[in-house]
Every structure is written in structure tokens, then in C-alpha cells.
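**Q** In order, the protein sequence lines correspond to chains S and B.
Just so you know, we're using this note's numbering here: the first sequence kicks off at 5 and counts up by one.
Just so you know, we're using this note's numbering here: the second sequence kicks off at 5 and counts up by one.
Treat the hints loosely; a few may be bogus.
Said to hold, decoys possible - Short, incomplete list of chain S residues facing chain B, as computed with Cβ under 7 Å:
1) 25
2) 57
3) 300
4) 637
5) 724
6) 745
What the hints assert, rightly or not - Straight-line alpha carbon distances no greater than 27 Å define the calculated DSSO-like cross-link-like pairs of lysine-lysine that follow:
7) S/406 - S/445
8) S/160 - S/930
9) B/930 - S/572
10) B/139 - B/107
11) B/192 - S/749
12) B/716 - S/749
13) S/883 - S/902
14) S/192 - S/131
15) B/107 - B/177
16) S/749 - B/131
17) B/749 - B/550
18) B/178 - S/930
19) B/131 - B/812
20) B/192 - B/177
21) B/911 - S/630
22) B/630 - B/716
23) B/35 - B/122
24) B/630 - S/911
25) S/296 - S/348
26) S/35 - S/13
27) S/630 - B/224
28) S/572 - S/550
29) S/445 - S/35
30) S/15 - S/406
31) S/122 - S/142
32) S/238 - S/135
33) B/550 - B/122
34) B/41 - B/572
35) B/749 - S/716
36) S/177 - S/252
37) B/41 - B/131
38) B/572 - S/930
Quick caveat, the hints were computed from the structure, so don't treat them as lab data.
Source: prediction; values computed, not measured.
Glycine included, C-beta positions come from ideal geometry on N, C-alpha and C.
Residue strings, one per chain:
Protein chains: 2
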Amino acid sequence: MDSSSLEGKIKARGQEFFSVIKDETPSIFDKGWWTGKLTDWCMSNDNFKVQLFRFVDVLPYLTTSESLSRHMQEYFAQQDEDIPSVLKWVAKTAGIGGKVAGKILSQTIRANIESMAKQFIIGENAKEALKVLTKLRKNNFGFTVDILGEASVSEKEAEQYQLNYFDLLDSLKKEEKNWTSLGDTASKLDWGHTARVYISVKPSSLYSQTNPANFEGSVKAISDRFKPILSKAKEMEAFVRIDMEQYKYKDITLEVYRRLRSSSEFRDYSNFGLVLQSYLRDTDADLEDLLKWARDESLPFSIRLVKGAYWDYETVIAEQNGWEIPVYTIKAETDAAFERQARKILENHDICHLACGSHNIRSISAVLETAKTMEVPEDRYEFQVLYGMAEPVRTALQKVVKRVRLYCPYGELLPGMAYLVRRLLENTANESFLRQSFAEKLDIDKLLEDPAEQLSNDTKVSIFNDIETEDKNGYRPFINHPAVDFTKSDIRSAFPQAIAQVRRMLDRTYPLLIGGRERRTKDTLPSLNPARPSEVIGHVCQAGTKEIDSAIEAARETFLSWRNTSPKDRAQYLFRAADIARNRIYNLAAWQVLEVGKQWDQAYADVAEAIDFLEYYGKEMIQLGKETRLGRAPGELNHYFYQPKGLAVVIAPWNFPLAISCGMSAAAIVAGNCAIYKPSGLSSVTGFTLAEIFQQAGLPQGVFNYTPGPGKIIGDYLVDHPAVSVIAFTGSMEVGLRILERASKIQPQQANVKKVIAEMGGKNAIIVDDDADLDETIVHILRSAFGFQGQKCSACSRTIVLEPIYDKFVHRLAQAAESVSIGPAEDPANYMGPVIDELAQKRILEYIRIGKEEGNILISRDVPTQGYYVPLTIFTDIKPEHRLAQEEIFGPVLSVMKAKTFEQAIKLANSTKFALTGGVFSRSPKHLDQARRDFRVGNLYLNRGITGALVERQPFGGFKMSGVGSKAGGPDYLLQFMDPRTTTENTMRRGFAPTND
Amino acid sequence: MDSSSLEGKIKARGQEFFSVIKDETPSIFDKGWWTGKLTDWCMSNDNFKVQLFRFVDVLPYLTTSESLSRHMQEYFAQQDEDIPSVLKWVAKTAGIGGKVAGKILSQTIRANIESMAKQFIIGENAKEALKVLTKLRKNNFGFTVDILGEASVSEKEAEQYQLNYFDLLDSLKKEEKNWTSLGDTASKLDWGHTARVYISVKPSSLYSQTNPANFEGSVKAISDRFKPILSKAKEMEAFVRIDMEQYKYKDITLEVYRRLRSSSEFRDYSNFGLVLQSYLRDTDADLEDLLKWARDESLPFSIRLVKGAYWDYETVIAEQNGWEIPVYTIKAETDAAFERQARKILENHDICHLACGSHNIRSISAVLETAKTMEVPEDRYEFQVLYGMAEPVRTALQKVVKRVRLYCPYGELLPGMAYLVRRLLENTANESFLRQSFAEKLDIDKLLEDPAEQLSNDTKVSIFNDIETEDKNGYRPFINHPAVDFTKSDIRSAFPQAIAQVRRMLDRTYPLLIGGRERRTKDTLPSLNPARPSEVIGHVCQAGTKEIDSAIEAARETFLSWRNTSPKDRAQYLFRAADIARNRIYNLAAWQVLEVGKQWDQAYADVAEAIDFLEYYGKEMIQLGKETRLGRAPGELNHYFYQPKGLAVVIAPWNFPLAISCGMSAAAIVAGNCAIYKPSGLSSVTGFTLAEIFQQAGLPQGVFNYTPGPGKIIGDYLVDHPAVSVIAFTGSMEVGLRILERASKIQPQQANVKKVIAEMGGKNAIIVDDDADLDETIVHILRSAFGFQGQKCSACSRTIVLEPIYDKFVHRLAQAAESVSIGPAEDPANYMGPVIDELAQKRILEYIRIGKEEGNILISRDVPTQGYYVPLTIFTDIKPEHRLAQEEIFGPVLSVMKAKTFEQAIKLANSTKFALTGGVFSRSPKHLDQARRDFRVGNLYLNRGITGALVERQPFGGFKMSGVGSKAGGPDYLLQFMDPRTTTENTMRRGFAPTND
């Protein structure tokens, strides 16, 4: 094939399209309209775009005109020249002016934004939708209809979504009889070859617990809900396309498609297609696989090729998690991929039908001309565009190609707004073809340029700036270890493998490690799998006071040389330990899965946090290890620097058995102290893995001493010991306060006033404002309250909900809580596992008993009988003075409380003795600001869950009875392990002073 | 007078001088010689210059060849390319090579440096000197001889200096008989008009306690010692010139001269002259005054006009103290002043004789031609040059002008090295005329340029860079309040005035200040003048628990708004308070002089420190008050910021009654806390001045509450109070530890774990190495031990002396201690005053009793009987285990201990439970480095006193039992009053996240 002549045809076809369109403008860019004006403002200033999109997002929640006015004002009445004056005036008037005027204006604006949404959405229900569809068909457009409703937070919602499709199909069936086929054909098929009824289905909406970690479970659940829809459609001879959503669902979706398509029931049903997104770097390979699969199975199929609509989301999520960005970051890469993949499909048109889903005239022309050049039959490809988008393009397509199908969503305003935002983003992005064509009116030759050509000509500048590769110490700047990415199958399979491997190592006996040497004691403590208490993880030798004395002696001796080891050299040991942990990450996570019952992702996150602590404190110490020159007087040299405090005792909890142990120990060590580490008896085997890592890292003997032992025997002994200078503790308030008090008593021969770093409990609240996005609120609250069984000091144990949204929230929350599954953490299907031990189980059950007296049970989930499970429990009607509202439970128990005003909610949230974490879900800028100031907790999270603080990004720790005001993983943390010193030299001698540089 | 024609003559004369000199080179620049080579290296690299000058400085102390070798190695055997390879080789060989080779080499180097010194010094004693003088006279040079010996640390040494002059005059008298007069004259006078015997005398050496603050006392003491020298000289008809030294002695010297010259005994003695330094900005005015005085009194006199030899010293001292630099900073300014002032004197030659003291051919030519043009008789002016300097110039002068007098110092090697360094500096400075003429061989026209002309042509670039005038917050960067400058007469007189004014306000009653309101109680406590206990400074109302409750209530209430006041606004109150204190500084100091017995300078320094705290913490808070953005992930906004802890209790000591009170309070307040301030009962009136200042600054009511009261009643009550969140304490270890222990017990209703910032005692040592410069060591140790009667936590109470220097040190220390005067602080003549009260007096006397049992008394000074005095006491033979070596005495008691090695000295220094301040006097780079690392105290001072830490330059505070490792006036201090918080916002909505900037 002569490519240059094809390229000539493509350009000619593109020119033709543009000439057909002439001066037509898509309504979204039509400045004569309110919508066009908004679009124009969005494109000319970013701040307004942000405010507008956010306002669009919150709009469905603004059910009263007061609320509408207030938000208008908060979003647009800023002293910001970026906000167009008309809107500002409207916003101000809404608030300040007379009630009536304000009301009318607000409603006008609401109506306008709703009409914007309606431009892209064919109705709020099936009835409205059918009306539009019928009209579209009259105008000779085919359709594919889908039901908006992306977020199913519960199985009830997922079931409802399924039911909606049944209804839709039923309605279409009735209506279809009245339709004549398109393309003036006698056939029942449009244009003689395609089903008239054509639907698209979002797979993730069919199963509320879709989760890549539980790949098989997710595939099965979605398939099970999908099958009846498919059967019904097959019966009607309708076309069904399974939509492609976010990247994390991609492989699940492909698998669902393959399984259903190749199942005996649907092998003969070729009216079933799927979607590929060209912006994904995976797509060439996915396409290759699908084509091979189809040929192997002899299953003809159809691909809608699109560029992809979640670009912003995918890049943000990937960057937040430290993943490789799955999408192309240069627009032309996507465009080139689209043409390449379309050609590939056309080359395989015998087995694969192509639906070209693009508004880009260049892309459309390329597909069309490639198909023509390759003489692909017309029934093997078609063109689809979105309803309400790029009207001139659809007009041109209809004129030139005839066969055009419109993608027509319908549904309620709420999910509709998400759809609207995506459409607005698509239209207003700097690189949008539509924006360039219709708003900026770029040169047509430029618009029709071959993207592949463009890529080879341009210097490839990604929109992502290169991250600095070196800081001033010559190290890579700190970057969090990436979150676990279960979209990768090798990662999914690494877990069961690691767990199996660990299981082969159970039941061993672990010695103490003192001064680098193993020390065995007669007294050992078994560590049990909380999900299966008969399974012994290991037997751990227990230190007594004699062993503690040895450890202190070893630490003391080593301290004399360790404190003189340079901060840079000390940091190297941490970096080495981080490398070791990185290489062992699945193994380390697996130990936790079995020893403390952590879910896969959380166990992985715990190890990642340990790695982060090692890297972060290492880098911090290199910085802090430099002497600071103070003052600038000549003849005088002042230096400020830090020295280690001495011996550090690290008393660690079991709930983050590696991360917190490692963080406290690494900080102590890198600051130049020697550490005596007492892990929790419930996680001492995981504690031993830390000792192993430090040993492998070559840490000098005696710097880190592993001395598990009974708190009753060695706890006070360690705290009271006169040789100890710093105690790093994380655990309960009771123990923390006891340590603080005991440590403050100076013992004979004690060298230093002891420094106690105590991180204690929490009674954390999440406030749900009346304008909160419940889709995200429910998911985050559930995870914050019940992730790792609520056994985190950061866990959410109170939800304070504003009255107007209370009923709706409680209803959805209850349904969501009913939807999760409970069982051993080693099975990724389980959302929640057992609590740590029998004692905890009893304590939490007692709180549940109290809760039943104080309030009412909303949810109490059944749990397995074997293992230390307690029911996932949600209480309502809890009052601020109740024990359930005041005391830390440290288990899967959540209390829902009601507040009349946001102020009251904050007051309630602040009303305990703790101040650790807190959260607010709100779309009110004012309320968010208020929370930032007045919701006084160590870590406040806005519009997200309240657990999972990351090192460096969210330094962690609280005050009041939650802690002494220190922040693990933050810039001030290491200072606590050191004392500052100053040296001052008089450099003048005999009247002569060197110049100081 | 036609200036241009004079300028022509000057240039012609300059050319003549240069042509006479031809290619002669001063020996110091003669590279054929070892000295010339060194000079050359010095000029080509600064690091070598520093090392060489420092080595020259220490040389006299290196009495053994081991010591010499070691220092050679330390100074020159660095891996530094700046050190010439020959010296490096020598240095290395000295250390590494065979003992014999090393010894020889070291001694060669010592001999060479000694010969360098001998180039400028005519001998080590009178006998040697006379030999050279006789020889010089044979070569037709006149002389003026002076005795080296600048630092008299005791009256014994000052008396010895006087005796040396008697000896010198006696010797000269004997020798003079054998001399024929210069200039082939029959007269007994050289050249027919000038005395053959001609001496110069350094006035400060005649009185060990010279001190501008005690102006009158200093003038009198110097005059008294000078008079017998003058009488003897008059008798011999010799010429005496009183030398001019550092700027701080200038006005005293001028006054001594005027008084003696105009006294009846010397009115008829015109052979008595003085010196003016042209580099001083004061000199034009001083010259004017002197000429007027001479005319008024009809007293002919003589001025040696020099440029000045302490330029480096004066600039360094001024910059360190925050004073205006008293010397010109542009070389041409000095040169122009010299010509201007010389002309002025020549214009007044009828009453004032001129001795031109310069090696600068341009300056000499200008003086010569001006004199000739003005037809000044030859006997009214002469030329003087330094012995050993600029030999070609002296040759030329002799050839051209005939009359040349050489300035000839003699004396021991030790003071000689100071003189040598000054000469080396003079020769090697970048702007040195000699360097430019003979080393760099600049163009002669350039060298002869009129300096006045040069100034008007050149852009006047000072060698001092302009200090930045704004920091990033738009404020002036922090600068310490200047030290008090007693060379200014208005400052000297401000003190007695302020004291008198304060005295008129004694005996008043002071109320509490709670919530901005005065509160009077029946119970009052008198505050007494410790030097005169019958004098009541004031009666201070005492708070009981009821008043404390009120204060806490007031603070609590105010806190709710104060914590929301922006850090910037809070800082403004501190800046305003600083302004108020600055305007009241003498008054505030005067209160302290009377209430706690602080010497003038120290009382002033206390107020200055208070001002510094206000400025520094204010600026720090503005910085810390900014939220820090953490992380860079998109879709996520993390902020890190600080909130105040709540209520702060400030428990302050009496010894820095304003500074420490103000520092702790200002820190608490600016961080957003409200403060309850309990001053010491011994300084509550000064404490009240702090309350006044904050009130005047407009601090909101209740933010700062003044509640003096009995510690026994309100101390624990405050510490235990559940409403208190932070306690800032400075005082004794016993009280500090009690507070730490009590505060750690959580009380019912207590919100926060209490933070205790405790700065406690010290048992500070100064190590005197065997190569220490005793001149500076003695002075600094005395001041560190006995300044403010040793009542500072930073005071020196142990001196650990290396064996080789022990006897010499103890001898000089004892003599110095005998020389200071003791009495009320309000008289600036007194070095030491009374201790704070009777209790302290008794406690210290008890320690003296113990000391007598444990060791031996070296010095015990008599003290006044009225007032709370204790003898200034020095013990020797104190062992490390003695109570005097271990316990804090907090009074004027010093123990001297002996150490065999520097290591042992450091071990000894570290051997107490305290770790606050420490000092080392050493000229060994290795030992200084070792001390920096191993002498583990909060504030280590090298080669200077150990008290007087400055805010920002020397953040103050220690560890072990000296404190909790906090540093007042340092970068980490404010953090202790706050808790960090983190907020994290998920900014992604509906898949859309704004770009974060």
C-alpha cells in the first residue's frame, strides 16, 4: 500500500469535512449562548474553570435555594479577577441582595447549568430518553444508549443498575416496533446490517466490590450480573457493548468480555462488543491479544476504538500512587495510536468490526480513507460520536459517510454531572481537537497533520516536567514507595506465593538479638494467626531484666563509636535497609497478613511505609547533620549542630508491626542513638523481620537490639532505666501516659532528662456536610472505619452527619456496609478480617454491648466463628457524652451522629480528649476553610479517607491525649532524638581575623 | 596657595624618592630571603597567610620541640594546596620523619621566624636594645624606643611595665653620654633642636583595669603611673610620646595627655607629645580640639601623625558589637585624612610640632612639600619610620630630608609576636603602599596619585558589602542590639542619670496584672538592693492560688482569640515591645543595677538580649507561621503548620531578670499561647518592667499576666494546673527536675500532655591548653567566673589547666584576681559586686568553707561588710570528685584543676552531671577540633569567654542535667510552644484535579 497517497486522501477527506462544516460551531463553543460563554471563560482562565467545574460537581446536592446561593457565593464571589464579572455579580447578588432577586438569579444559573448537562444527556429516565432516541432516528442517526450511574457503593445499587437495564431493554423493545430501519432498507437492520437497539453498559456499576486485587471474584460477580442483560438483549437481537472505564478495571473488563463471549450461551451472539482506549500504553498489546483470541476461538467481535475520557484521572491517580502513567502524555501519541490500532482492526475486519469513536476530523478521515483504500466492506466499520458533542462533525459525517451512531447517555442529574465534567474537560483541554478546531480555529493543515509525522518531527516534550534527579546532597529527592498496583497480574500472584512461602516457615523459634548476637531464653511466647488461632506463626524468646541489662550494656558500648559515625554514613545503613525491604516486600507483607490479619494492600502499604521511613529519615539526617553557620560577625565562627541523645528505647505496637517499629527505630538510629527495640508480643515475628533487615544492612552490632518481652516485666524496667535517654512509644493512651509519668522521674546515675515521644490513641471523626459527594464519602468512610478492622489509631470511629443529608447517608452507608465480605485477610475477596486477639475481641464485644445500651444498631454483620472476629458494627443515635462517642475502641465499630450545623459538627468532632485524625466531606469552600482552622486534630483530611498517611506528604501525629505533638515522617521528627549544640570560636588573634566565608 | 603647583611638587618629590630608591627592596619582600618568600606566599594565598600568622602567634608558647613539631604539623600539614609545598614537607617531616630530622627542621623554622621578628624588634632587653640604638645613631638615625608589652592583666604587670621604663631611662641616661648629636651639631640636641633620648609609652599597659566605662578612674590610674616616668624623662631632658592604641583607649589617652601636659609639674615640659591616627573618623575633630586646647592653655605640643595599625581589629570589634566602624573603610580616605591633618598641624606649627609617621612615599612627599611651601621651619616637623620596615624609604628619607627617626620597639618574644603580626599585616594587606610599591611594583604615577583626587574620581566602594536591608518577609534581617559603647561620653553619663532617676522611684508598691487589670493583694514582698539591703527597690504584691485561678481564667478566655491572631500580627506586638525597650534601655538597665546588683555593661546587655529575643522570635514566628506545602502529587494538597499549645506558665530566674523573662514570655506569646508569668521574688520589680512594656505595646489583655508570688504557694499549683499546656522554666536543677516530674502527671480535665522547657544549672569548665595565649585567657576566665559575681548558669566555675602552663597560669591569674575592685555595681570602677541575697551569701560561704577543706585557697579577696558580698575566691588542688568540682555554686568561686593531657582535660570537663557551657583556650587546631566534637556541652566557646551568648548567633542551652536540650534564641526554640498539624485535601472531583502551583 502506498502510504503517501493514502495520506493525501486522508488530508483531502479532512478538507472536505471542514468545507462541509463551513462556519458551523458546536453549541458548546457558541458564544451567543450562555454555555458558549462559560466555555470561553473556562478556556481563557484556569481558576474559573476550576471553580465552575467544582460548582457543576456540587450542583445536584444543592437542594435548597439558600444552599444554592451560599455555594454560588463561595465559589464565585471571591476577590479574584479571574472570575468573570457577570458571575461574580450574580454570586454577590445571590448572597447580599434581596432574597427574591437572589433566588431568581440562583435558579437561573442552576437552570442554565442543567441545560448544559441536558445538552449531553438525553433525559433523566427511560421515558425521556426514548423520546429523544426516536427523534434522533428520525434524523437518521443510529444510537447506543447507556445509563448513567457510575458509582455503585453497595450491592443494592448494583442490582438496581442491572434492573434499570432490564427496564431499558423492555421499553426499547416496545418502542422498536414503531421504528423503520435507517438507510431506507427493508431489513429489520439499520443500513441493512446493524441492530437498531444498541446499548452500552458500564461493568463496574454492576458490582459494588470490584477490586483488581480480587480479580477472579470481580470478574465472576460482574459476569453474573451481566449475563441476564446479555440474554435479554440476545433475545431481542439487540447490540450490547461493554464500556471501558478507568484503567484499574480494564483487565477485569476484558476478561469479563472474553468469558461471556466465549461461553456456550453467547458463542453464537456476535452482537456483543467491547471498547479499547487508544490513550493506554497497553492497548496495542491488548488488541493483539484479542485478535489472536478471537481467531483461536473463531469468535467474530466488535471493538469501539476511542481515545479515552479519563486522562486527567489516570495521570493524577498514577502520580499520587507512584505508578507509571498508563496513558500517553503527548496528545499526538494517542492520535497516532488510534490510527495505528484502527488500521490493525481494519486489517482484521473479517473477524473484528470497528466502531470509530472520535470527534477528531483527522482521525475520522484516517479511518475512513484507510478502510476505503483497504476496501473494507461498509458493514465492517461505522462511526460513533457523543450526543451533544461536536455537532458539526456529526453533521459532516452524516453528509459524507451516512452511517453515524450517537452515544446517548441518560440518567439522573447526579451521575450526569460527572459525565458533564468529563465532556467539558474534553472540550476545553488545551490540546482538544474540538477546541483547536472550533474555538481557536487553528489552521486546517495543522489540524489534519499526520500525528505519527508530528511525533517524529517534534521534540517530544511531555507535559510532565522531569522530576529533579538529585537533591543538594546528591541523592534522589524523597519519593514514596509506590502503592501496590493490583492491575498487574504478577503482583496479584506474588501475594499467594509469598503467603505460601511464609506458611512453610511457621512455628519456628526466634531468639533475641543483643549486641549483634542471638540470645535464646527459656521463656517463649507463641504468636498466632488471628484468623486461625491454631496456626502458630512463631515462638518468640522473651527478654527479662537480665537480657535488658545486656542489651543496654551493648548499646552503651556501641554508642561511643556510633555517635561519632557521620550522619551521612549512618544514613547509608538506612538506605541499604530500604533496599533490602524493597526486595523482600511481598515476603514482609505476607508475614503481616498471617501474623496480624492485615489485608494484602494494607500489609504492602505497611512495608512501603517502613521503606519510606528509612529513606526519609536517612535523607533528613544528612540535611540535619550539617553544621549550620550562625551570624555573620567577622572574627567569630558560630556553628549549630545536633548530637544524639544516647540510648533509645523503642516500644512499638502490633498494628503497624513493621512500619511504626521501623520508623521509630530508624529515626533513633540515624540520629546517632543506639536502640533497644521491644516489639509487641502480638507481632514479634514481624518485629524480627526488622531486626533481620538491619542486620543484613550491616548496621554495627549493638546499634539495634531486638528484645521482645512481657511488658509487665520489662516495660517499666526499660522506661525507668537510668541509662535511657529517649523513649519512642506508639500505643494506647494509658500506657503512653504511664511512660510519660515514670520517665520524668530522675533515677540515680541518670545522665539526661528523658525525652518521651508518645503517639497515643484517637477517637477520630469524619464530618459529612450536607453537600458532600456521597459516592465518595461512603466508600472512604467505610474504608477508614473498617479497613484492617478499625485497628488503626487513625481509624474513623465517629461520623458526624449534617441533618439534611443524614437519612440518605445512613441508608447508603448501611447498604454499603452490608455489601462487604468478611473473612481471613489472606483472601483478597475479604474486605474485613479478624481483630488481633481474644482480648481485643472481648474488649470490642463489650463496647458493642455498651453501644446497644447507648444507641441503636444500624448494622451488625455476621462473622466467621473460627478466629478472633467481631461483627462489623454501626451505631446510630449515639450522643456526645456516650462512651461510644468518647472512648477509643480500636475495632470495627462506627458511631453515626447527627449535627444541625457545620459549626456544631466541628464542635462535636473536637469534643473528645483526643486530637489525632479527622475528616470532612464537603463541597463548601467556606466549610473546608473553617475545618482547616477549627477542626483541631493532628491530621485533617478533606474529601478523602482519614487513614494511610504517607511519609513526608502527611506527617503523622496528634496532640491532646493523642500524643505529645510530634509528627512521624515529618520535618521535625528527628530533632526529638537529638540535642542541639553550639560552638563559637573567636577567630581573631593578635588583632587579625581571617575573612569568614 | 596654589594647590595645583603644590601637587606638582609633591609628585616631583615622590618621583625623586622612587629614583633614589631605584631597585632597592625592603627585606620583607626580598624573595632571596626566607622571610621574603613567606611574605610572597602570604600575599598570594589567604589560607596560608592565616595559618602562618596563627603559627607566628603561637610560636612563643611552643617551649618544647615536640610541641613545636606538633603545631607545625597541625598548621601546615593539611591536605590543602594552599600551603606551600616546602612548608608542608617540613611540617610532615617534623611529625612523621625521624625525631632528629624533625627536631632540626622545626628549630630551623623557629629560628627563621624569630629572625623575622628581630627584623622589627631591636632586642629582647634593654641591653640588646641599646646596642642597636647606638649603632643606628652611628648611621645618623634618630630613634624613639618603646617597650613591648601590651597586655597587662594585673596591676603587678602594669607596675612592672612602669619599672621597665625607669630601667630603660636609666640605661639610656648612662649611654647618652657617649653619643654625639646628629646633624654635626655642637648642641646636646640632635640636629640642633631635638632630644637625643626619645621614648614612646603605651598607656593601657600602665593600668590593668583600663575601662572606658570607668573613664575617670582609668584616666587617673594611668596618669598616676605615667607621671613618674614623665618626671624622670623631664629630668633627663628626654622626649616622651604617649602612644595611641586601640580606639577604645583613645579618649582616655587624650585625657591623660591633656591632664599631664597642663599639670603644674609639666606645663613647662614641651618634650611631651602624643599620637593621632588618621584612619579614625574622629581625628579631624580631635585635632581641632587639641589645637584649641593648646592655644587656650598656651601649651606647645607635638603630634605624631600616623595612619593607624589596628585597622583589622577595629573593624572586627565594631562589627561584632554592632557599632559604627570607627575607621575609614576606604584606604584613600585615610591617606587623604593624613594629608589634610598634616597640613592642619603644619598650619599651626607655631604651637604644634609634627612627626610624620608613614612609609607611604606619597604621604611623605605631601608633608614635605606642604611644609616647604608653607615655609615651616625644619625644627617644627620631622619624619619617623618603623625599624625594620620599608628600608628603602628610610634610606631615601635620609638622603633627601636628612632628619629621620626610627621607631624601635624591644621586649620579649611573646608581646613581640603581636607586633610582628601587625607589621606583617601592614606589609601584606592588599592596599598596602609597601606591597603595591615593592611587591607588585605598581605604576609610580598611580602610587603618587593624590588620595583626595582618587576619592572624588572613584566610585566609592567600601570593602564592606551593604547588608541586605530586607528579608523575604519584608523585614530587616535580624541584627543583635549593639553592645554598649562606653567610648561615647553620652552613654557613660546616661547610666548615673538613669540610676538617679530610678532611685527616685524606689519603695513603691507593685500590683499584679491579670487580664490587663491591676490586682493588689495584702501580702507584699520587699525587693532589696543587694549592695545596700536597707534600700527597698519596691514592694511587690504576691499572688496566691486565688489570683492564679483568675489569671488562668483570663488567659484561657483570651486564648480563644489570640490563637487565631495571625503570626504576623502577633509578631508586631513583639516588635513594638522591642521598640519600647530600646527607648527605655538605660532606665531598664538601671533597675537591674539596683535590684540585682548587675554591672552597667551587663545590665545593658540584659536589656539588649530582651530586645533581641523580641525581634528574633517575632521574625522566627513570621517564618514558622507560614504553612509549608508538602509533597508534589497532583490532586492532593498537603499543608504543614503549627498551632499554639495553649496556656504557658513562665517561671523565671532573677539573674537575667529581664532577658530570660522576656525571652520565655515572648516565645510563648508569639507562638500564640497566653502566658502566666511568675518572676523571681528577688527581681519582681524588674519583672514588672516587662509587664509594663507588653502593656505599652498594646498586647491584648490576658495574653500576658504578671503574677509574682511565693514559689511555695503558687509554684506547684501552677505546674500541676490542668489548664496549663506548657511550662517554660529557667532556674536551678532541683526546681527544674521537680517541675518536670510533677508536670508529667496527668490531672483530671487536663487537655494536653504538658511540655516542660527547663533550662537548669551548669558546672562549667574552661580548659587552658599548654599553648594558650595567657594574655587573653586570664582576662576571659576572670570575667567568665566573676562577672556578675559568677551568678550565671553559664559562668565558669572550673578551670582545667594543662600541666606545662599551670604554674605560669596560676601565678598570673592570682595577680589578675588581686587587681580587680569589688563594690556596688552602680560604680563602674567595681569589677564585682554583691551576690543576690543573704541566703545566697550563706550558701556560697558554706561552699567556700567546704572548698577550704577540699583544696587550697589561691585567692580570697576582702569585700565590703555592708551588703551581701562574698569574697572573690579561687581554689587550687580541687579533685574531680570534690563537691567544688561537681556542684553548682552560683557565686564568685572558681576551682583550678590540673590535667596531664588534653584528653584528660576534656574528660575532666565532661565529668559532671551538667552540660551547659564550656571553653577552651588553645592554639592547637587539632585540640580545638577535638573539643568541638568531644567537649560535650550546649555552648562551647573557643578562645573566648563562656558567658554572654547572643541571640541567633549563639543559641543558648544545654543537656544532661543542664536542660532538656532546648536552645533559647535559636531556630528550634519556638517549636516547643506549638504542635504541628497537617491538612490534606483531595482536590480531585469527578476525575478533574486543578494543577497545583
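**Q** For every hint, state whether the structure bears it out.
**A** Structure-based check of each hint:
With 7 Å as the threshold, the beta carbon of residue 25 of chain S stays out of range of chain B, its nearest partner Cβ sitting at about 29 Å, so the hint is violated. Because the beta carbon of residue 57 of chain S sits about 5 Å from the nearest beta carbon in chain B, less than 7 Å, this interface hint is met. Here the hint on residue 300 of chain S is broken, as its CB sits about 36 Å from the closest CB of chain B, past 7 Å. For the restraint placing residue 637 of chain S at the interface with chain B, the shortest Cβ-Cβ distance is roughly 4 Å, inside the 7 Å limit, so the hint holds.
The interface hint given for residue 724 of chain S is broken, as the beta carbon of that residue sits about 13 Å from the closest beta carbon of chain B, more than 7 Å. The restraint placing residue 745 of chain S at the interface with chain B holds, with a minimum CB-CB distance near 5 Å, inside the 7 Å limit. The straight-line distance between the Cα atoms of residue 406 of chain S and residue 445 of chain S is roughly 26 Å, inside the 27 Å bound, and the hint therefore holds. Proximity of residue 160 of chain S to residue 930 of chain S is assessed by CA-CA distance (about 34 Å); at most 27 Å being required, the pair is judged violated.
With a C-alpha separation of about 23 Å, the suggested pairing of residue 930 of chain B with residue 572 of chain S holds against the 27 Å cut-off. Between the alpha carbons of residue 139 of chain B and residue 107 of chain B the distance comes to roughly 35 Å, so the proposed pair goes past 27 Å and is violated. Among the hinted pairs, residue 192 of chain B with residue 749 of chain S is inconsistent with the structure: their alpha-carbon atoms are about 86 Å apart, more than 27 Å. For a cut-off of 27 Å, the pair hint linking residue 716 of chain B to residue 749 of chain S stands: about 20 Å separates their Cα positions.
A C-alpha spacing of about 9 Å is found between residue 883 of chain S and residue 902 of chain S, which places the hinted pair at or below 27 Å, so the restraint holds. Proximity of residue 192 of chain S to residue 131 of chain S is assessed by CA-CA distance (about 23 Å); at most 27 Å being required, the pair is judged to hold. Our distance criterion of 27 Å between C-alpha atoms is broken by residue 107 of chain B and residue 177 of chain B, whose separation comes to about 43 Å. This hinted pair does not check out: residue 749 of chain S and residue 131 of chain B have alpha carbons roughly 70 Å apart, beyond 27 Å.
This hinted pair checks out: residue 749 of chain B and residue 550 of chain B have alpha carbons roughly 22 Å apart, not beyond 27 Å. Only pairs whose Cα atoms come within 27 Å are accepted, and residue 178 of chain B paired with residue 930 of chain S is rejected, the gap being roughly 98 Å. Taking the CA atoms of residue 131 of chain B and residue 812 of chain B, the gap is near 25 Å; set against the 27 Å cutoff, the hint holds. With a C-alpha separation of about 13 Å, the suggested pairing of residue 192 of chain B with residue 177 of chain B holds against the 27 Å cut-off.
Straight-line distance between C-alpha atoms of residue 911 of chain B and residue 630 of chain S comes to about 25 Å, which keeps the hinted pair within the 27 Å bound. Under the criterion of a C-alpha separation no larger than 27 Å, the hint pairing residue 630 of chain B with residue 716 of chain B is inconsistent with the structure, at around 41 Å. Straight-line distance between C-alpha atoms of residue 35 of chain B and residue 122 of chain B comes to about 18 Å, which keeps the hinted pair within the 27 Å bound. Taken as a hint, the residue 630 of chain B and residue 911 of chain S pair is honoured in the structure, with Cα atoms around 25 Å apart against an allowance of 27 Å.
Between the alpha carbons of residue 296 of chain S and residue 348 of chain S the distance comes to roughly 12 Å, so the proposed pair stays at or under 27 Å and holds. Proximity of residue 35 of chain S to residue 13 of chain S is assessed by CA-CA distance (about 34 Å); at most 27 Å being required, the pair is judged violated. For the given pair, residue 630 of chain S sits about 52 Å from residue 224 of chain B by alpha-carbon distance, which is inconsistent with the 27 Å threshold. Taking the CA atoms of residue 572 of chain S and residue 550 of chain S, the gap is about 34 Å. The hint is violated against a cut of 27 Å.
Of the supplied pair hints, the one linking residue 445 of chain S and residue 35 of chain S holds, its CA atoms being roughly 14 Å apart against a limit of 27 Å. This hinted pair checks out: residue 15 of chain S and residue 406 of chain S have alpha carbons roughly 19 Å apart, not beyond 27 Å. The hinted pair formed by residue 122 of chain S and residue 142 of chain S meets the criterion: a straight-line CA distance of about 20 Å does not exceed 27 Å. For a cut-off of 27 Å, the pair hint linking residue 238 of chain S to residue 135 of chain S stands: about 24 Å separates their Cα positions.
Taken as a hint, the residue 550 of chain B and residue 122 of chain B pair is broken in the structure, with Cα atoms around 77 Å apart against an allowance of 27 Å. About 58 Å separates the Cα atoms of residue 41 of chain B and residue 572 of chain B, which puts this hinted pair outside 27 Å; it is violated. At roughly 20 Å between alpha-carbon atoms, residue 749 of chain B and residue 716 of chain S fall within 27 Å of each other, so this suggested pair holds. With a C-alpha separation of about 34 Å, the suggested pairing of residue 177 of chain S with residue 252 of chain S is violated against the 27 Å cut-off.
Proposed proximity of residue 41 of chain B and residue 131 of chain B is contradicted: the alpha carbons are some 31 Å apart, above 27 Å. Restraint check: the Cα-Cα separation between residue 572 of chain B and residue 930 of chain S comes to about 23 Å, which is no more than 27 Å; the hinted pair holds.
Of the hints listed earlier, those the structure fails to meet are numbers 1, 3, 5, 8, 10, 11, 15, 16, 18, 22, 26, 27, 28, 33, 34, 36, 37, in rising order.
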